[in-house]
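K.L.:
Residues per chain, in single letters:
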Amino acid sequence: MTTAVPDEKGVEALVAQEPVAATAKRALSSPWASLTAIIIAVVWTLPTFGLLVTSFRPEGDIKTSGWWSAFITSTPWKNWTLANYDQVLNGSDTNLSTYFINSIIITVPSVLIPISIAVMAAYAFAWMKFPGRDFLFVAVFALQIVPIQVTMIPLLKLYVNQGFAGSEAPGGGFYTIWLSHSIFALPLAIYLLHNFMSQIPGELIESARVDGAAHVQIFTRIMLPLMAPAIAAFGIFQFLWVWNDLLVALVFGGGSLEVSPLTVRLAELSGTRGNDWFLLSAGAFVSLIVPLIVFLSLQRYFVRGLLAGSVKG
Amino acid sequence: MSTGEKFIQMLIAIAVFFAVVAIILLLTQRLRSRRGELIQSAAFILPAIILIGVGLLYPAVTTIYQSFFDRTGDAAVGFDNYKTIFTDSDQLLVLRNTAAWVLLVPILSTFIGLVYAVLVDRSRFEKVAKALIFLPMAISLVGASIIWKFVYDYRDSSNTQIGIANAILKGLGFDTYKFILNDPWNTVFLIIVMIWVQAGFAMTILSASIKAIPDDIIEAATLDGVGGLKMFRYITVPSIRPSLIVVLTTISITTLKAFDIVRTMTGGNFDTSVLAYQFYREYFNSANQGLATAIASLIFLLVMPIVIYNVRQMRKLEAR
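The listed protein sequences correspond, in order, to chains A and B. All residue numbers for the first sequence refer to numbering that gives the first Met the number 0, where the first residue is 0 and numbers rise by one. All residue numbers for the second sequence refer to numbering that gives the first Met the number 0, where the first residue is 0 and numbers rise by one.
Keep in mind that the hints are not guaranteed to be accurate.
What the hints assert, rightly or not - To give an idea of the chain B side of the interface with chain A (calculated C-beta under 7 Å), a few residues: (1) 5; (2) 7; (3) 146; (4) 300.
Please keep in mind that the hints were generated in silico from the structure rather than gathered at the bench. Beta carbons are placed, not taken as given, at the ideal position from N, Cα and C, and that holds for glycine.
Please model the complete structure; the sequences and the hints are all you need to start from.
P.N.:
The structure is reproduced here in C-alpha cells:
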C-alpha cells in the first residue's frame with residue numbers, strides 16, 4: 000500500500016478507514032495546542048500542589064523560603080515533617096480534630112434524612128394517583144430555584160422561637176443545621192429520584208399490582224433496590240455539598256464553635272491567623288482529604304450528581 | 000458535648016427520621032381501597048411537603064415581605080431598601096463587583112473549559128488531564144480560597160517571597176503586588192479563584208457533548224479540508240451550542256450565590272463585597288434586616304430568569 004499508487008477508490012477507502020480519532024488528533028495536535036493544554040494543567044494544579052508541599056515543611060522554612068525552593072536542594076524531603084498536622088489537629092488553639100468530627104456529625108444525617116423522606120415522596124409522585132399531584136410536583140421542582148439567602152432570616156427566627164437553636168436545645172444545636180440542609184436538599188432529591196423512578200417500566204408495577212402487591216411492597220421490594228444508582232448519585236452530591244458548605248453552618252450554627260464544621264473554623268483561622276501558613280496549609284488539607292477521596296473513588300457518580308444538582312442552593 | 004454524645008445525638012436524629020418513614024410504611028401497607036390509596040399517598044408526600052412548606056416557601060415569602068420594612072422590621076418603608084441598593088455608594092460598589100463576577104466567571108471558565116476539553120480530547124492522557132482540572136470542583140470554596148491566598152501572599156520586594164505569584168513578578172524584575180488589597184483589581188484576583196473552580200465543571204459537561212458529535216460530521220468536514228481552528232469554529236462550537244448555554248447559565252447562577260470566597264479571602268473589605276456576601280454582612284454585622292432581605296430578594300429576582308432559561312435548555316438537551 001505504501002509504495003503502490005492507489006487508485007481513486009483506494010484513496011477514499013483509506014481516508015474512510017482512518018479512525019476519526021486520528022483525524023481529530025492530527026487537526027489539533029500542533030505544538031501550540033499541546034503547549035496550551037500543558038500550561039492550563041500546570042496553572043490548575045500548581046496552587047494546590049504548593050500548599051500541599053508547604054503543609055509538610057517546618058514552620059521556619061515556610062516563613063523564610065518559597066515552597067518551590069524545597070525542590071532546589073538535593074534532598075527536598077529531608078526536613079519534611081508531620082508536625083504541622085499534629086499541631087493543627089491536636090493543638091489546643093486550633094483543635095481541628097474536634098471540627099473534623101463536627102463535620103462528620105453534620106454531614107451524615109444531612110445526607111440520610113433527605114434521602115429517606117424524598118424517596119417516599121418521589122414514589123408517590125411517580126406511581127400513585129391523587130388530586131393535585133402534577134401541580135404539587137411542579138411546585139416542589141420550582142422551589143429548587145429559591146436561593147438559600149432568601150430563606151435564611153425567617154428560618155433562623157423560627158428555629159430560635161421553637162427552641163431548636165443554642166447549646167441547650169435538643170441535639171446540642173445540631174438540629175438547626177441538619178434540618179436546614181435536609182430542607183434545602185429535598186426539592187432536588189425528589190426531582191432526581193422521581194425522574195429515575197418514572198423511567199422504570201409501568202408494566203413492572205402493574206404486574207406486581209395484579210399479583211396483589213400493595214404500594215408498600217412494591218416500594219420496598221421493587222423500587223428501593225432498583226433505585227440504588229440514583230440514590231448514590233444524589234447521596235454523593237449532597238455529601239460533598241454539605242461537607243464543603245460554609246454559609247448554612249455559619250448562619251444556623253449561630254457562631255457557636257461547639258457545632259461548627261471544618262469550613263467555619265478554617266475560614267475563621269484564615270482571618271485571625273492569616274499569616275500562619277504552617278497551620279493554614281495543614282488545616283486546608285485536613286478538610287480537603289475527605290472530598291478528594293470521595294471524588295477519586297466515586298468520580299462517575301459524582302459527575303452525574305453534580306450536573307443534576309448544578310442549580311441547587 | 001463530648002464526641003461520644005455527639006455521635007449518639009447523630010444516631011438519634013437519623014433514627015427519628017427513619018422511624019417516621021417506617022411507621023408510615025407500616026401503617027399504610029394494608030390500605031387497598033380507593034380512599035385508602037388517597038390516605039396512603041398523602042402520608043407518603045406529607046413529610047416532604049411540610050418540610051418544604053415550612054422551611055422554603057414560608058421563609059421565602061416572609062423575606063420578600065420584610066424587604067419592604069425598615070431595619071428592625073417594624074415600620075413599612077415601601078421601596079426604600081431597594082432604592083438604597085441602587086443609589087448608596089457602598090451598595091453600588093457591591094453591584095459593580097457582582098456584575099464583574101457574573102460576567103467574567105461564566106465566560107472565562109467556559110472558554111478555558113472548552114479549549115481544554117478540545118485539546119485533551121482523545122489524547123493519551125485524557126483521563127488524568129481531565130481529573131487535574133476537575134479536582135478544584137470537589138473541594139470547598141473555603142479550601143480554594145486558602146490555596147489562592149497562599150498564591151497571592153504579599154511581601155515587600157526586598158524580602159524573599161513565599162507566594163508564587165509575587166515570586167514570579169519579582170523574578171521578572173517587577174515590584175511585588177498586593178493582589179488582595181489593591182482596589183479595584185483585587186476583585187479580579189478573587190474572580191480568578193472562582194474561574195479556577197468552575198472551569199472543571201464546564202470542561203466535564205462540554206467534553207461529554209464534544210464526544211457526542213456524530214463521527215460522520217467530522218469525517219465529512221475533514222474530507223472537505225476543514226481542520227484545526229476552522230473545525231473548532233464551524234463544526235465543534237455550533238454542535239455543542241445547547242450545552243454551552245447550559246454551562247454558561249449554570250455557572251452564572253452559582254456565581255451569583257457564591258459567598259465563601261469573598262468572606263474567606265477579604266471578609267468583604269477592600270471594596271470586594273458582592274451581593275451574596277453583602278446580605279450576610281447587612282444582617283449579621285449591621286443588624287439591618289430590611290436591607291438584608293431586600294438584597295436576598297434581589298438575588299432571587301436575578302437568579303429566577305436565568306434558572307428558567309437554564310431548565311428549558313436542559314430539557315431540550317435531555318430530549319435529544
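K.L.:
What hints, given by number in increasing order, does this structure fail?
P.N.:
2, 4
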